[in-house]
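Novice: Each chain is listed here by its residues.
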Amino acid sequence: MAKTPVTFTLNGREAATFVDPAANLLDVLRRGLGDLSPKYGCGQGTCGACTVLIDGEPHLSCVTLAETIEGRTVETTNGLQDSAGLHPLQQAFMDGFAAQCGYCTPGMLMAAKALLDRNPSPSREEVIDAIAGNVCRCTGYEPIVDAILTAARAPRRTG
Amino acid sequence: MTLHPGRGFAAINYPIGMNLGGDPSQALVHSTPDGKFMVTLSAIDLGQGMKSVTRQIAAEALGIPISDVYVDTADSDTGPHDMGSFASRGTHRMGNAVIRAATEARTQMLEAAAEELEVDAADLVTDGKGNIHVRGAPSRSITVADTAVAAQFKQGRTLAGRGIFLVPLSDVDAETGEMTPVSCFAHAALIIDLTVDDETGVVEVTNINSAYEVGRALNPKLVEQQLIGGAWMGISHALYETTEPNYPDRSHGPEDFNTYLMPGPGEIVPHHISILERPAPDAPYGGKGPGEMCANPVLPAVANAVYNAVGVRCDSLPITPEKILRGLKANGGARPQGQPLNTPGGRR
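Here the protein sequences line up with chains G and S, keeping their order. Offset between the first sequence (1-based) and my numbering: plus 1. Offset between the second sequence (1-based) and my numbering: plus 7.
Read the hints as simulated data drawn from the structure, not as lab findings.
A few chain G residues that don't get close to chain S, going by computed Cβ distances all over 10 Å: (1) GLY35; (2) GLU58; (3) ALA115.
If you anchor each label on the Cβ, the simulated ranges turn out as follows: (4) G:GLY72 - S:ASP322: 54 to 62 Å; (5) G:GLN45 - S:SER323: 27 to 35 Å; (6) S:ASN214 - G:GLN45: 32 to 40 Å; (7) G:GLY86 - S:ASN214: 34 to 42 Å; (8) G:ALA23 - S:LEU173: 49 to 57 Å; (9) S:LEU324 - G:ARG125: 26 to 34 Å; (10) S:HIS88 - G:GLY72: 52 to 60 Å; (11) S:THR249 - G:VAL64: 25 to 33 Å; (12) G:GLN45 - S:PRO328: 22 to 30 Å; (13) S:ARG169 - G:GLY57: 51 to 59 Å; (14) G:MET95 - S:ASP130: 39 to 47 Å; (15) S:LEU268 - G:ALA17: 42 to 50 Å; (16) G:GLY103 - S:GLY135: 27 to 35 Å.
According to the in silico footprint, chain G covers these stretches of chain S (three or more CB under 8 Å from chain G): (17) 51–60; (18) 228–236; (19) 266–275.
Glycine residues also receive a C-beta, built at the ideal position from the N, C-alpha and C atoms.
Using the sequences plus the hints, can you model the full thing?
Specialist: Next up, the structure:
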């Protein structure tokens, strides 16, 4: 089968790879490019563990055709931390004990980042709505919702 | 259509670990050449925080900073034997094994330091910050890191320890059948407030109040987190989750997260927890660990609250709207059981 060249921006850096027809973005990120931060959960777009941002919008990478990201911008949890340290969401999740087994955490972080990027001061209901597509089996969701609200109140970082 | 409020209560005594044939856990502790300590376990952290707690326990027993302890888990090829992560036994069994292993390693660490300082090991103490010094003379000191380097490269000595914790098999009294199957119990009581819609049979949990006695809460935030998450799982088991909704008929079973019912972030219920600390004598630094009991009392409390609300006694799980509606039909309608006047949400 002919492979398709795909060039896109991954966490601020140019990424280029060849993908099989029908390859999904999660596979390309994890196996092709070695970014293990998005998790494989259900593989059918119902658990949210594989959530990444494409052009700033949350997408389920396990049901996203890799070919469709040509020229687009992809963000994963690996790109959250910068030289200034942890992203406010990561810090709030850590301080608020918002992870137990941690498997849903990358998807939760990306869903939350998409929310805060477009709505820096969300209500509790808006936070709940933003993570409604992400399944967590450990925390009971409450610490996650609290952490996202805490991050929203944290001082904005520059740059 | 009427929303009937209901309140249900459940209390449990929960056994920590099991004892039918003994219930051992082992731990190994060894120093690395840079003065850190590695704890090797075969038990696994399922997300409940066992790695964090055994790390705290090892640091406390060794007398060194938590940041200088690493915990390696879940490889039964390279780790010492463990019965496993179940029966709410992690903190208690593995914690005790870690204390013993770390204590043996600490003894060797102090002997190595004594050789470097040319003093008696019995006169040495640790400051918990990475230093070992002569009791009452803090200036006569050596760092744990330098001690480990000296032991490894100069003295040819290992700083290592082995630990096992076994609750021996209890004898059975031939006359009475009496035995001691469990050495350590944790306790909890939990109150559920909910409403039942008598037209749709839908239950909405509105409030949870609980009290947990878990020995010493070795990591209070982890305990709280586990209790909140566990209660959510209990509600999920009580009201939502099943793979066989028409058991014994296998039809209409869920096949994925689209059809497997679970409460989501929109169903968060306020949960007020009181953690009571009564350190257990045979537990590591008194900590029993919450384990499975974080979910268990929720189920009977929900069943009792549904009965309290509409008089329907469901004896199978999950308590679905269909079961409640069938019960209401059989009873000829809702039969609220009433609540004491002095409780919030009591009789109106």
